[in-house]
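Colleague: Model the full assembly from the supplied sequences, consistent with the hints where possible.
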Amino acid sequence: MIRIERRLEQPRWLFVAVPVLSIVIAFLFATVVLLATHHPPLHTFRRLFDAAFLDNGALTETFVSATPLMFTGLAAAVAFRMNLFNIGGEGQLYTGAIAGATVALLLAGAPSPLVIAAMILAGAAGGALLAAIPGILRAFFSTNEIITSLMLNYVVALFLDYLIFDSHSYLRDTSGFEASVFPQGKTLPDEATWPSWTIHGVVVPLGAVVAVVLACALWGLYSRTRFGFEVKVIGDSARAGRYAGMRTRRKILAVMCLSGAIAGLGGASQDGDFRHQLDPRGLTQANYGYAGIVVAALARYNPFAVVLIAFLLGGLQNAGFTLQGADFPNGLVGVLQGLILFCALGGELFVRYRVRFDRRQTTTAESAA
Amino acid sequence: MNNSLLVVVLASGIAYGTPLLYAALGELLAERSGVLNLGVEGMMLVGAVMGFWAVQRIHAVTWLALLGAIVVAALASAVLAAVYAFLVVTLRANQIVSGLALTIFAGVAGLSSYLGNDLELAKSPARHQFQEVFPKSWQDLPVVGPILFGQSVLVYASWVCVVLVALYLTRTRFGLNVRAVGESPASADAMGINVTRYRYVHTLAGGAFAGVAGATFSLSITPQWVAGLTQGAGWIAIALVIFSFWRPTLCLVGAYFFGAFTALPFALQGHGVTVAPELFQSLPYVMTVLALVLVSSRAARLRFGAPAALGTPYVREER
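Quick note, the sequences are listed as chains A and B, same order.
Counting in this note's numbering, the first sequence runs from 1245 upward without gaps.
Counting in this note's numbering, the second sequence runs from 20 upward without gaps.
Keep in mind the hints are simulated off the structure, nothing from the lab.
Just so you know, nobody snuck in bad clues.
Per label pair, the in silico range of CB-to-CB distance:
1. B:V334 / A:T1469: 26 to 36 angstroms
2. B:M210 / A:E1249: 21 to 31 angstroms
3. A:R1251 / B:A101: 22 to 32 angstroms
4. A:H1444 / B:V334: 44 to 54 angstroms
5. B:E336 / A:C1460: 36 to 46 angstroms
Chain B regions said to be covered by chain A (calculated; three or more residues, Cβ under 8 angstroms):
6. 108–120
7. 125–133
8. 300–307
9. 323–336
Heads up, the beta-carbon is just placed ideally off N, CA and C, and yes, glycines get one too.
Modeller: And the structure:
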């Protein structure tokens, strides 16, 4: 008879051991999948790893994939820590991108630092505004924020398509003949290009730096301030928070807007760092918002871990793009990401609970993890 | 008369609504047992690819091949649902994150594309596909012809499923037990109902329905395999469950309503009216949010709202 009982104390080493083992087990599963479909596993993993981190320029490309994941990961972590399931990071990133691009076009000709600062603010505001909708609904009508934020993702994605493909909006390029056949966003002015730094041949975009700074700030906010303390209390037990006189509704709205603002920043970074136009196809196909939730879950909502994991998963995603082609198994990256997540989620059990086999009365949780 | 806008929209709304209906019925069963599975899109895609694979490989008369394909699709998605159920029921993982993980694992950039690519399905049209069942003369009847008789057998089977699911939930002991498990697993457990088993069975049933929904795409609506051919229908299905207040009969109405929104822009274009399709496509999502807000008050939630234990794992020791 197997019994699962809650651990009174969660040993620290488990926080490291379980994620690492999860990744190992996920790769074992992936090996089985590859063998079953007649692909050489070691060779495939090697190519994946090379394309993500070792090849010439691989790290630069990995930063391109990882930067938005850092933002959406932090956005999810901030909200999920309070048991507020904002899965609207996707849509909030889009509104951030729309707001950022609009401001960049409006301010064309102004000094570059001003334009960039305005884009950052506008992106954050765009994301926060969208997140405020599920936030208000949750705080004042107790409407489930999971569903509302999810639905809004699709509404905004369609709005994005509308702006570029089915209207003559301010953001659409309507200049030449080519632009009328292949609709695309206006190219943003040069002042709106975010700076980047080249370190040992690796291009580090401003967005990644902003994300790291943000991670530090969020860590401070959640572990060193009263706001963070109250958020954590409400997250663990909303009732306890209310009895202690905390303003739960206000906190819900604040955290939701904060989360949206972070995701919106990711959208502005897409405009300024990488795409230099409002690019609906590119934004919607990448699924940064949903992947960000994965990142946050793997990082157990710790901001620093989010940055690290975003970098690793970004590498994987970048390898998937780079290796796309006839001789590389299509869809492997998604399978691998899913498997890692399955194992990490399953492994979570062994952090919170111990598994006991009744007959022998010995602890086997460690070996089973 | 059969070319009039209303008839065309209704007829194609039913066709487009059918996969939504299947997927939503399955999701409804899972949600009624307290499991919010956000992996519908992924399960649908794997159902679509496996159903399509089966129809290419099974060498039999058309109806047998199609039946086999539906069974294969349902089984494949049920296997995925079993993985999900193991995570969220046995290992008590977070349902939201696990569901998203399932969609990432199985979705456009995952298993469904991997399988589609590896089994080399993208190049060929379906060897068999679902056709209209009724004779041409019936289909030419005014109004009712295209709407009622111009559909494939999957549409009529979905009506049977709606009735069966509705009867199951409201008129059988098992159905009562499921609802108890979804509303208050602790009470259900005290009554001697096996909460774990009920959640497993209904999550798996939900997966099987999602598989059929996927196969509806690859064998009837667009009879071929294209990566990501469901185009977000799985998410609309999740919206539909909420929009129909977790009731199978309302699901039927809602599915055709949502299906009609997909069909309307195309039909309007045929009549020379150009409207941005995004406007209609976004209506299902907007209406779902509004419906959810409407049933958010405490009184309405008890009557029409979500199963009270939706999304929460049941741990006997911690109730």
